[in-house]
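**Q** What follows is each chain in one-letter form.
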Amino acid sequence: MSSEIPYIVEERPDTGLNNATLGIWLFLSSEVMLFGALFSSYMLMRVGAAHWPSGASLLSIPIATLNTVILISSSIAVVFAWASLKEGNFAKFRACWALSILGGLAFLALKAVEYNKDFAEGLFPSSSTFMAIYFVLTGLHGLHIIGGLIVNSYLLGPGAKMHKEDPARYAHRIEIAGIYWHFVDLLWIILLFPVLYLL
Amino acid sequence: MSTDTHDVPKMVALYKKLFTILGVITALGIGIAFLHMPVWLAVVAAVVIIIVKGGVVVEVFKPLLATRPILVIVFGLTVFFVIGLIMLPVIDKGTIVGTQHIGKELQMQEKPAEVHHGN
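Heads up: the protein sequence lines correspond to chains A and B, in order. Under the numbering used here, the residue at position 156 of the first sequence is numbered 236, and the numbers go up by one with no gaps. Under the numbering used here, the residue at position 46 of the second sequence is numbered 156, and the numbers go up by one with no gaps.
Pulled out of the complex, with its shape left as it was, chain A reads as follows:
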């Protein structure tokens, strides 16, 4: 009897997806619910508050804008990495994948600079409801970036051995990690940046 898990790379006949693809979409669906709950809390507090500060007056829009540009570039680098791997250009894949990791690190570094600036100005989670939800949302997003960076670094380093042994499976892992990375980037671009900084 074979102990191999079926449908790792090939698609299941019933769902039309393989295990990991369906798994990542279900996981991202739960992530949408998590951030949706926090966004719901934000809306409720904002609508109910007698006074709500403008994010633009407290936070640094230039740093956040730069971070948005970095994340968009990082996502594009992931697309190019995946495309290179599919076309069999492993060297180009590694360069693009490393670039996307660097983008993630740059994002975290800028976020650290921004947090330091906030603390220096006396802005802490306890300062106001706005700052509390700001730190919760951006902190949780930062943790997701760190998680993505750990996985992506593993796939670039020790995990890359799989490319020689089972290239189809490795390409699939890159695809799944790429979907997660796009989600984390889109979360920032669609939800966090406009809600916290711009309005």
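For the record, the hints were derived by calculation from the structure and aren't laboratory data.
Simulated DEER-style distance windows between Cβ atoms:
# : chain 1 : residue 1 : chain 2 : residue 2 : range
1 : B       : A176      : A       : M113      : 17 to 27 Å
2 : B       : L175      : A       : N99       : 16 to 26 Å
3 : A       : K197      : B       : I160      : 19 to 29 Å
We put the beta carbon where it would ideally sit given N, CA and C, even for glycine.
Based on the hints, put chain B in the right spot on chain A.
**A** Same frame as chain A, but now just chain B:
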């Protein structure tokens, strides 16, 4: 992302289009940030920006989703529950505790009763 090799250039073009549109909408959002709007208008603007950006993502990936009915179900349920999650607390008066509305009611209760002096 699709797994078929012949789809690679198509997918790359799709992602480029997506991130270009998102970049443009983000730039518009930054412009809006410098307008001083009342709270209700700011919340409406935030929701519109989020819906437009989310709509762009869904629109771009619609052809991909159409070939995977299970993903349509997953996305549909997610959207349904997220809208419920956001709307239910907003429309439920019981969760307005601690907000300005209750504050106003308390202020009314704490007002000393008016004394009528009859002649």
